[in-house]
Amino acid sequence: MSASNSTLGITQLQRQNHARVTPGKRMTTIVVMIVLILVSTYFLLPLVWLLISTTKSGSDLFNTPMLALPSHVSFFANLHLVSTYGGGTFWRWYLNSVFYATVTSVLSTLICTMAGYAMAKYQFKGRKFMFSLILGSLLVPGAALTIPTFLLIKFLGMMNSYQGVIIPGLASAFGAYFMNIYIQEAMPSEFMDSGRVDGASDWQIFWRISLPIIRPGLVTYFLISFIGSWNNFFLPLLILNNSALFPLPLGLQVWSTYITQAGSGVPPYAQIIMGSFLSIMPMIVLFPFLRKYIASGMISGGIKM
Amino acid sequence: MHRGRLVPYMMLAPFFILFLGFFIYPFFYSFYLSLFATRMGSSQFVGLNNYFVAFSDSSFWSSIGTVIYYGVLQAVSVLLLGMILALFLDSSLVKGKAFFRLVYFLPYAVPGVIAAMMWGFLYSPELDPLLKIFNLFNGGKSVDLLSTGHLIYSIVNIVTWEWAGYNMTLYFAALTALPVELYEAAKIDGCNEFQIALRIKLPLLRPMITFTSILSIIGSLQLFNEPFILSSLTSVPPNYTPNLYIYNMAFSYGNFNYSAALSFLLAFVTFVASMIFLYFTSGEQRRERRLQKLADRNRRSQNQVYSPVEVGGQV
Numbered sequence: 548m549s550a551s552n553s554t555l556g557i558t559q560l561q562r563q564n565h566a567r568v569t570p571g572k573r574m575t576t577i578v579v580m581i582v583l584i585l586v587s588t589y590f591l592l593p594l595v596w597l598l599i600s601t602t603k604s605g606s607d608l609f610n611t612p613m614l615a616l617p618s619h620v621s622f623f624a625n626l627h628l629v630s631t632y633g634g635g636t637f638w639r640w641y642l643n644s645v646f647y648a649t650v651t652s653v654l655s656t657l658i659c660t661m662a663g664y665a666m667a668k669y670q671f672k673g674r675k676f677m678f679s680l681i682l683g684s685l686l687v688p689g690a691a692l693t694i695p696t697f698l699l700i701k702f703l704g705m706m707n708s709y710q711g712v713i714i715p716g717l718a719s720a721f722g723a724y725f726m727n728i729y730i731q732e733a734m735p736s737e738f739m740d741s742g743r744v745d746g747a748s749d750w751q752i753f754w755r756i757s758l759p760i761i762r763p764g765l766v767t768y769f770l771i772s773f774i775g776s777w778n779n780f781f782l783p784l785l786i787l788n789n790s791a792l793f794p795l796p797l798g799l800q801v802w803s804t805y806i807t808q809a810g811s812g813v814p815p816y817a818q819i820i821m822g823s824f825l826s827i828m829p830m831i832v833l834f835p836f837l838r839k840y841i842a843s844g845m846i847s848g849g850i851k852m
Numbered sequence: 214m215h216r217g218r219l220v221p222y223m224m225l226a227p228f229f230i231l232f233l234g235f236f237i238y239p240f241f242y243s244f245y246l247s248l249f250a251t252r253m254g255s256s257q258f259v260g261l262n263n264y265f266v267a268f269s270d271s272s273f274w275s276s277i278g279t280v281i282y283y284g285v286l287q288a289v290s291v292l293l294l295g296m297i298l299a300l301f302l303d304s305s306l307v308k309g310k311a312f313f314r315l316v317y318f319l320p321y322a323v324p325g326v327i328a329a330m331m332w333g334f335l336y337s338p339e340l341d342p343l344l345k346i347f348n349l350f351n352g353g354k355s356v357d358l359l360s361t362g363h364l365i366y367s368i369v370n371i372v373t374w375e376w377a378g379y380n381m382t383l384y385f386a387a388l389t390a391l392p393v394e395l396y397e398a399a400k401i402d403g404c405n406e407f408q409i410a411l412r413i414k415l416p417l418l419r420p421m422i423t424f425t426s427i428l429s430i431i432g433s434l435q436l437f438n439e440p441f442i443l444s445s446l447t448s449v450p451p452n453y454t455p456n457l458y459i460y461n462m463a464f465s466y467g468n469f470n471y472s473a474a475l476s477f478l479l480a481f482v483t484f485v486a487s488m489i490f491l492y493f494t495s496g497e498q499r500r501e502r503r504l505q506k507l508a509d510r511n512r513r514s515q516n517q518v519y520s521p522v523e524v525g526g527q528v
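Chains S and R supply the protein sequences, listed in that same order.
Count the first sequence with this note's numbering and you get residues 548 to 852, in order.
Count the second sequence with this note's numbering and you get residues 214 to 528, in order.
Mixed in with the good hints there might be a few duds.
What the hints assert, rightly or not - Pairwise CB distance ranges, derived in the manner of DEER restraints:
(1) P451(R) x A747(S): 57 to 63 Å
(2) Y492(R) x G746(S): 54 to 60 Å
(3) A747(S) x C404(R): 40 to 46 Å
To be clear, the hints were calculated from the coordinates, so they are not data collected in a lab.
Glycine included, every Cβ here is placed at the ideal spot set by N, Cα and C.
Start from the sequences and build out the full structure, keeping to the hints where you can.
What follows is the structure, given as structure tokens:
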């Protein structure tokens, strides 16, 4: 602990000094703080509204003011409603989403780490070519690939299957690029040399020495990949029509189409609101702890997922 | 040593095979598909005919027009809001920075589909919560935020909510990597906080601004999720955005060949738009590079990476 205090750099001290508020600034500070708090309400409003709305029955949604609690809290009634609506597929979708996101992110992290590691730590023929291919592909909009990817999945007989959703997303160019950059920075080649001297094979070095060293980068990419596949909508939309395989966003979207469809009974507003709430809950709760990892990865790669 | 030489290829193999299969191959296959057309039940080679059709397809070009207009609005609101927030949070005027950084970035944790649905509900006349504010500006008459005329602004708002904090995070990290000495010097010269933000921080953010603008251009031209979700609450034209048109061309009308040609054309338009943007911003690049060099000297890491901020920078 004391070591980290003594390494407090000059810039750190300057930064603290720079941040000191002088009395003359007080008025400006108050104005700026008011603006920032107003902006915060903008960002929080839909989430607060969603939370409050989970306590309202279908008719309360229309009859009570937007941010007011209803006279009778129907949170558990809504929970029951969402669990049983449409044959009770909601929790199945939840499990599907967890499954898609977990498998995709674990495998993608491993695949992209190996690729990034090979390009960062080995000299081999085709290394430069591979790297430029990956960089170039970051500029290609996904739209150009939609139709052929769909046809390819169809050709491979992976329509309406877990593989069909998972496999196309595994080789992320962003992932390989990010891991490559990270490994170059965080993993000194001397560790590999000392492993070799001790008689370890390349694979042993990779698993036993390198992976533990680059763990923070692995966590970052894992999280970005997890969120990316948790949010994935377009590919499942194209290749799934068996509702038992839907991930949450697709399932909820299908529910939302019942709102305007004639003859599908009472519009499922309450179900969709509760379903949305349940599907963003885990990430919102974990986000304060994960923010730092996610931000550092985004910044070094800087690619919209 | 011989085995060691194979190792990098073995490590690269899983990625390479999947990348080849699900990126490179679809890319070229898309072009191949676009050269055919289904005539009287069988697939025929038609050369570039699909592209000629596309050039005079007003449905396609009007969708391009929509997303260009949308892109300008979106870039202004998302990037500007992100930048202003980052500059505020980097100034000495604000307390509780960690809290604001978290709140602004929080929408990143919400799937785009769910964000669009939440806002769709907030816009809905039936649920009526936000509308009353807008009625005030319309002389007490009610405003339908989901009507065709207002749809684009409603989408810009959703996207701003989703991505402003993301861009703020990028800008904020870039600002944290700048050397504090510059501000000290400016302060001694008599600059106040706003002048420092405007004259020193903003010019140094240039590479990051260029970078986020490119992402913004690519993202705007590909707009799909938000209009697609809103189409279950209101009527959205099937050719509202190029991607929506491409989707409907393939999956509602079953014309995969023409759809592939449109995809390719959209990718091309995106590429050209990015290049035009880069061309107009690169004039100032030499000046910017000089400033960047000054900033680089003070960086913790010597390793220059593709993006302007190094890995593990303070965020």
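Hint check:
The supplied range of 57 to 63 Å is met by P451(R) and A747(S), whose beta-carbon atoms lie about 59 Å from each other. Look at Y492(R) against G746(S): about 55 Å separates their beta carbons, and that is inside 54 to 60 Å. Checked against the hint of 40 to 46 Å, the C-beta distance between A747(S) and C404(R) comes to roughly 56 Å, which is inconsistent with it.
In summary, the structure is inconsistent with hint 3 from the numbered list given earlier, while agreeing with all the others.
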